[in-house]
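Protein chains in written order, with this note's numbering: chain G, 1 to 324; chain X, 1 to 298; chain V, 1 to 324.
Some hints here could point you the wrong way.
Stated by the list, open to error - Stretch by stretch, here's where chain V covers chain X in the computed footprint (C-beta under 8 Å, at least three residues):
hint, stretch
1, 189-200
2, 204-211
Unchecked claim - In silico EDC-like links for lysine to aspartate or glutamate, alpha-carbon gap of 16 Å or less:
hint, chain 1, residue 1, chain 2, residue 2
3, V, 193, G, 269
4, V, 282, V, 309
5, V, 193, G, 12
6, G, 111, G, 84
7, G, 317, G, 12
8, X, 70, X, 191
9, V, 81, X, 200
10, G, 36, G, 206
11, G, 134, G, 157
12, G, 317, G, 226
13, V, 12, V, 66
14, V, 81, X, 191
FYI, nobody ran anything at the bench for these hints, they're computed from the structure. Yeah, the Cβ is synthetic: ideal placement off N, Cα and C, and Gly gets one too.
So the chains spell out like this:
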Amino acid sequence: MTLEAPLLSVRDYSLEFRTRSGTVHALENVSLEVAKGETVGIVGESGSGKSVLSFGILRILDAAAEVKAGTIVFAGMDMLAAKEGALQEVRGREISMIFQNPRTALNPIRKIGRQIEDVLRTHTSTLQSELKKKAIECLAQVRITDPERRYSAYPFELSGGQCQRVMIALALACNPALLIADEPTTGLDVTTQAAIMELVSDLARERNMATILITHDLALASEYCDRIVVMHAGHVVESAPTGRLFAQPRHPYTARLIAATPSPEVEIDSLSSIPGNLPDLRRNDLPSCRFHARCDRAVGQCAVESLPEVTYESGHKVRCFNPL
Amino acid sequence: MGTPAAASAYPAVSAPGWRDTWKHARYVATDNPVTLGAFLLFGFFLVLAIFGPWIAPYDPLMSNTEVALKPPSAANWFGTDSLGRDILSRIIVAAQLDFGIAISAVFASFFIGSTLGCLAGYYGGWADRIIGRIADTIMAFPLFVLAMGIVAALGNSVANIILATAIINLPFYIRVSRAEINVRRNAGYVEAARLAGNSDARILALHLFPNVLPPMMVQISLNMGWAILNAAGLSFIGLGVRPPQAEWGIMVAEGATYIISGEWWIAFFPGATLMLVVFTFNLLGDGLRDILDPRMRT
Amino acid sequence: MTPNILDIVELKKHFPIGRRSQLHAVDDVTFEIARGESVGLVGESGCGKSTLVRLITRMLDPTAGDIIFGGRNIGFIPARKFAETQFRPKIQMVFQDPTDSLNPRYTAFDTIAEPLRLLAKVKDYAELHAQVFAAARQTGLPEELLMRFPHQLSGGQKARVGIARAIALCPELLILDEPTAALDVSVQATILKLLAELRQTLGMSYLFVSHDLNVVRMLCDRVIVMYLGKVVEQGPTGEVFRAPAHPYTAALVRAIPSIGGRPEDRQVLTGEPRSPVDPDPKVCRFFGRCPKQVDRCRTERPLLREVGERRRVACHFPQVAHDA
Chain G
1 MTLEAPLLSV RDYSLEFRTR SGTVHALENV SLEVAKGETV GIVGESGSGK SVLSFGILRI
61 LDAAAEVKAG TIVFAGMDML AAKEGALQEV RGREISMIFQ NPRTALNPIR KIGRQIEDVL
121 RTHTSTLQSE LKKKAIECLA QVRITDPERR YSAYPFELSG GQCQRVMIAL ALACNPALLI
181 ADEPTTGLDV TTQAAIMELV SDLARERNMA TILITHDLAL ASEYCDRIVV MHAGHVVESA
241 PTGRLFAQPR HPYTARLIAA TPSPEVEIDS LSSIPGNLPD LRRNDLPSCR FHARCDRAVG
301 QCAVESLPEV TYESGHKVRC FNPL
Chain X
1 MGTPAAASAY PAVSAPGWRD TWKHARYVAT DNPVTLGAFL LFGFFLVLAI FGPWIAPYDP
61 LMSNTEVALK PPSAANWFGT DSLGRDILSR IIVAAQLDFG IAISAVFASF FIGSTLGCLA
121 GYYGGWADRI IGRIADTIMA FPLFVLAMGI VAALGNSVAN IILATAIINL PFYIRVSRAE
181 INVRRNAGYV EAARLAGNSD ARILALHLFP NVLPPMMVQI SLNMGWAILN AAGLSFIGLG
241 VRPPQAEWGI MVAEGATYII SGEWWIAFFP GATLMLVVFT FNLLGDGLRD ILDPRMRT
Chain V
1 MTPNILDIVE LKKHFPIGRR SQLHAVDDVT FEIARGESVG LVGESGCGKS TLVRLITRML
61 DPTAGDIIFG GRNIGFIPAR KFAETQFRPK IQMVFQDPTD SLNPRYTAFD TIAEPLRLLA
121 KVKDYAELHA QVFAAARQTG LPEELLMRFP HQLSGGQKAR VGIARAIALC PELLILDEPT
181 AALDVSVQAT ILKLLAELRQ TLGMSYLFVS HDLNVVRMLC DRVIVMYLGK VVEQGPTGEV
241 FRAPAHPYTA ALVRAIPSIG GRPEDRQVLT GEPRSPVDPD PKVCRFFGRC PKQVDRCRTE
301 RPLLREVGER RRVACHFPQV AHDA
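Between the sequences and the hints, there should be enough to build the whole structure, so can you do that?
Now the structure itself:
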């Protein structure tokens, strides 16, 4: 563990959305740290708030979003107080993001070579004459076959995996310090997924780039992340180094999530599910622990008192009154 | 397919369909006073159209040359025209005719156009090509000129105005329904419907068309305003409604010659009414879109 | 009664592209499903499994080959006439995306009732009611939910409606197209167990299409692996995944991340897949990406042949039995 300040520090971040059917308490007291060069996985199911958190970090949330509390500091810069101009400098250059559904994230009527040049032109000082060469280099770095020919291709001519590589090229063109990957391989074939994840982790290692991998796939996170943060209904319930999380999950939700994930050794009878539904985040009477209604270890305080943070060794943290 | 949309993770809403719509409609109306105004105005004009002849203070056809060309006064709020007829009464009664024309034309256009568009979108191939050519032919003409041509060729009558207006609006409904069907044609529930034993006709009528309807309802409202304007325009140039029938367009035509001599009210009031009605339909269309679309996004 | 519920014999589906080319979506596929058996179908995008499913459910007409159901050749019945035959209720399908496969304007009741009204010709309302409720009960769908529209139901509930609709007619062959892919992992286990249970109680045979090998392992007795329109391997599920004989199956198995696995174990396939348009009949479809390829693979396409007890592989160098 280095004593260097973390690259990204999110502290007690709370976010609400004002909607027609009420105020959605999307995130509450979320804390997260990413050190330089580290890969952190944010794991959660739908409605856990993991994507919302990543948009919040980049300040690209919907106008209906309201930050209720907390701080987000990236490389010494206060992201919540920064002006739009400063944020635009950071987005794409210092922090980049890649999304699910790569084909829809690319401009369908612009050749991919040009799209890469757009990024280079905006964020780097590459000379006009060098742009095409640099763009082709970027494509080669993401291991696209035949980059000169692909430079003039449109997104619809490429496969899903190739589109994702292009998106990675766009994201990495300016050598960002932090890459946020939001479900980058969901929807891709499993062999393509392996290739893309290998690419991302190789590039991250080469450039000492920090990565946040957002996924619902526990197994994927377990293989590619140094640390994992588990989210449920807008709360961070547990965070730990990967090995420790799976060797000794402390939060009941984490344990059940692991038990519900199919794997080669598990038989169908021992596969468990998690009963109940997510609580309606529009309610004003939400219990302190939002897993309370579905938890078999719930005790009296869980619904009413504010959750404690229990720390185990190696920075393994849980927010629970009755951890495993 | 990856993680499902967040909406499906929330527990279900328990109110049935129409109550939801009503609540949402109320929200839209109160949130946006202009939309509320449009709905109220529409209601007002609808009442006029239905009850016109009973509300009108004077007989719209009775001429009385003694009171001809009188400006607006307590007796005649909107003044009288060259034959002494009360303009207000004529405007009120014309509402019935204009609305009647617009509704007939738009719905005829809607039913025929959307049927053709659905067939074109669903079957593709020859059906699509032929129907597409029909639509293209109609669109090749400036639409008002085409309407003029149809009425001139077939004769001046209200029925022909309706026919002409319906024809020139066809391509619009053909295109919209064709596009909407195309998008939904390969949806899972269409395939599931086939597995459940539905014939093509049932799939089109019961599965696809009801889902295509909401986006088109908005356009129907906008179209109504346009149809009224079209009918008024045709009457203005002398095609369609004949005197002494009261119709907004023909009233503007009758009043046009008097503007220079200073009797502004004969053309002004029918013209202002036309403008207000079309405006109302446009705002109504926007309001309907607000009510229907966001729900579909859920 | 014939021992096999389904026999597919040299089934082909070619789509014309332009004026002279043909896309070989399904090319010479042969396999069988015994009564009461659960067979998995795995393969990545472009392998032809969606087309194969459409052929079996008779939504599409084959270009050549036979589809034999319970001893009767149903391939000859044109797709548009199939709904009128006695076979339609016997072959049903559960779709991948529960949101997309339910008509947003039909209540759950209407959706489940439709096949009963159209195919089982149930006219009496009380009888219809009873049968819909029975199907709902079997899938664990509470009665109150039947009057709801899809947008008022959760993902798991929608999945149950889709299953209830498919089993309402007690089909003999049920095709499941990635039935849990769009569901959260916490809900997945319940649905999978439900499917396993229904197979027993209703005596159906399953064709379970999935990209998730772990799920296929749990639910299927045998598995068929497809690549670019051809079957490359088939056999008992456990054996095929534990000791894959075909290099593609091996790559597929090794590409799946698992909790506690390491990224180094992932095998990444290089190269792009060959084109399914006018493929050269002499070249193995996997040539160009195969770690084992030699010249022979380019001049003589390997045919599907028996290499063990109900085990077939299409490869010149299958890895069989003793070596793992």
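Hints and how they fare:
Against chain V, the stretch 189-200 of chain X contributes 11 residues with a C-beta closer than 8 Å to a partner C-beta. That satisfies the three-residue criterion, and the hint holds. By the rule of at least three residues with a Cβ nearer than 8 Å to a Cβ of chain V, the coverage given for the stretch 204-211 of chain X holds, with 3 such residues. A C-alpha spacing of about 8 Å is found between residue 193 (chain V) and residue 269 (chain G), which places the hinted pair at or below 16 Å, so the restraint holds. Straight-line distance between C-alpha atoms of residue 282 (chain V) and residue 309 (chain V) comes to about 28 Å, which puts the hinted pair past the 16 Å bound.
A distance of roughly 39 Å separates the Cα atoms of residue 193 (chain V) and residue 12 (chain G); the hinted pair therefore is violated under the 16 Å criterion. Proposed proximity of residue 111 (chain G) and residue 84 (chain G) is contradicted: the alpha carbons are some 29 Å apart, above 16 Å. For the proposed pair residue 317 (chain G) and residue 12 (chain G), the alpha carbon gap of about 14 Å is at most 16 Å, so the pair holds. For the hint linking residue 70 (chain X) to residue 191 (chain X), the alpha-carbon distance of about 69 Å lies beyond 16 Å, and the restraint is violated.
Of the pairs offered as hints, the one joining residue 81 (chain V) and residue 200 (chain X) holds, with about 11 Å between alpha carbons and a cut-off of 16 Å not exceeded. Restraint check for residue 36 (chain G) and residue 206 (chain G): the C-alpha separation of about 13 Å stays at or below 16 Å, so the hint holds. In summary, the hint linking residue 134 (chain G) to residue 157 (chain G) is not supported, as the alpha carbons are separated by about 22 Å, beyond the 16 Å threshold. Of the supplied pair hints, the one linking residue 317 (chain G) and residue 226 (chain G) holds, its CA atoms being roughly 15 Å apart against a limit of 16 Å.
With a CA separation close to 9 Å, the supplied pair residue 12 (chain V) and residue 66 (chain V) stays within the 16 Å bound. In summary, the hint linking residue 81 (chain V) to residue 191 (chain X) is supported, as the alpha carbons are separated by about 15 Å, within the 16 Å threshold.
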